[in-house]
Amino acid sequence: MDKIQEKLVRGSRRLAFAFTALFWTGALWLLSETAWRPLKEVAAALPSGRTVDAMLGLVRALLAETPAFALMGALWTARGLFRRFARGEALTIASGRSLSIIGCWFLASALASGTFSSAPSSPPTTAFAEPPTISAEIVLGCVGAALILLGRAFSAAAAIKADHDQIV
Numbered sequence: 001m002d003k004i005q006e007k008l009v010r011g012s013r014r015l016a017f018a019f020t021a022l023f024w025t026g027a028l029w030l031l032s033e034t035a036w037r038p039l040k041e042v043a044a045a046l047p048s049g050r051t052v053d054a055m056l057g058l059v060r061a062l063l064a065e066t067p068a069f070a071l072m073g074a075l076w077t078a079r080g081l082f083r084r085f086a087r088g089e090a091l092t093i094a095s096g097r098s099l100s101i102i103g104c105w106f107l108a109s110a111l112a113s114g115t116f117s118s119a120p121s122s123p124p125t126t127a128f129a130e131p132p133t134i135s136a137e138i139v140l141g142c143v144g145a146a147l148i149l150l151g152r153a154f155s156a157a158a159a160i161k162a163d164h165d166q167i168v
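Going by the working numbering, 136 is the number at position 136 of the sequence shown; the sequence numbering is gapless.
For the record, the hints were derived by calculation from the structure and aren't laboratory data. Hints may contain errors.
Simulated restraints, written as ranges between beta carbons of each label pair [unchecked claim]:
1. Leu62 / Ile160: 37 to 47 Å
2. Ser32 / Asp165: 43 to 53 Å
3. Ile93 / Lys3: 21 to 31 Å
4. Trp24 / Val139: 19 to 29 Å
5. Ala159 / Asp2: 19 to 29 Å
6. Gln166 / Gly11: 23 to 33 Å
7. Ala146 / Phe116: 19 to 29 Å
8. Leu30 / Thr115: 24 to 34 Å
9. Leu91 / Arg60: 40 to 50 Å
10. Ile167 / Thr66: 29 to 39 Å
11. Arg10 / Lys40: 12 to 22 Å
12. Leu46 / Ala157: 49 to 59 Å
Note that beta-carbon positions come from the ideal geometry of N, C-alpha and C, so glycine has one too.
My request is simple: use the sequences and hints to build the entire structure.
Here's what the structure looks like:
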């Protein structure tokens, strides 16, 4: 193994560990901040028979966090990608596919954020027009689309490399 590949493997191991830690930290955070209170309400509603209302509250709380769940999927997929890199599988079709899937998760998070976010209830009260801003959802969607295209190019390059390796 050459020096560059050793650095890639070493760095990928660290990143795989970091993405694993981020995933589990995020999962615990989502459980504690989002689902815990609605789950307690469902449990409290069981004896009284008002479980339908409590379940609807739980579903609403979980739907509101759909963008975060999509980002959790991106973290888990990135973890798998860097684990693959740590095994020395840098330029493979599967790695390109994983990169595209991360882009899909980003795009899904952006779409879910736009779908499940609440619109402002009143118009702005300032007399001056505010300059247009680019929202985080648009940036996340653009990054997701770019990762999808990059992953496809990565997969195509891996397929060309595999063909080349068979010929040579």
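Practice task
List, from low to high, the hint numbers that the structure doesn't satisfy.
Solution key: Violated hints (numbers, rising): 8, 10 and 11; every other hint is consistent with the structure.
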